Amino acid sequence: MPRNWKEEVVFTAIMAGLMVFVMTAYNVTMAQGFSNGLVLAILSGYPLGLLVAIILDMLVVGPIAKGLAFKYIINDYMRKKTVLIGITISVLMVLGMVTCMSLFGIAVEGELSGAHVLATYGHTWLFNLIVALPLQLIIVGPIARAVLGKMQVATAKREADAVTEKD
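Numbering-wise (our numbering), the sequence shown opens with residue 468 and increments by one.
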């Protein structure tokens, strides 16, 4: 878990950057199939998706997911096993982000009109969840936590060296 603002920013950048890239590639491929313009379509949709995801993550979904987790789900047993806290928050984050970003995706594609909007949203939400949850738990989450762990170890080492130099 990030311990300060700098760590939160790096962790979110890695998490959102990887998740949005893979999910953009997945959704664009699902929408238009493998075509000549696929790579360009993925790269052109990525920046706006990343911006929206970072804003949602840091200002809306993240605080709500963490609040719900610590208020209703995480108990004393889980507090002793920090990996369970991470998994719990990750699952809640995926649920929240898939809910919001699926809506964003169909809005960007102009699919928010007509009688079929709920069916389109439900289909999009389910297909995004099927990919996003394992992607987060098996690939992206461990990568982001590994980078964060290395960052925290380096910070602790610098702090210990600074204390040693003062003495």
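A few of these clues could be false.
Stated by the list, open to error - Cross-link-like lysine-lysine pairs, in silico, BS3-like; alpha carbons within 27 Å at most: (1) 473 x 633; (2) 624 x 473; (3) 473 x 548; (4) 548 x 624; (5) 533 x 617; (6) 617 x 473; (7) 548 x 533; (8) 633 x 548.
Calculated directly from the structure, the hints in this document are not laboratory data. Predicted, not measured: the structure shown is a model, and the values here were computed from it.
Quick rundown of the hints versus the structure:
{"no.": "1", "hint": "473 x 633", "verdict": "holds, 25 Å"}
{"no.": "2", "hint": "624 x 473", "verdict": "holds, 17 Å"}
{"no.": "3", "hint": "473 x 548", "verdict": "holds, 24 Å"}
{"no.": "4", "hint": "548 x 624", "verdict": "holds, 24 Å"}
{"no.": "5", "hint": "533 x 617", "verdict": "holds, 23 Å"}
{"no.": "6", "hint": "617 x 473", "verdict": "holds, 14 Å"}
{"no.": "7", "hint": "548 x 533", "verdict": "holds, 16 Å"}
{"no.": "8", "hint": "633 x 548", "verdict": "violated, 35 Å"}
When the structure is compared with the earlier hints, a violation turns up for hint 8 alone.
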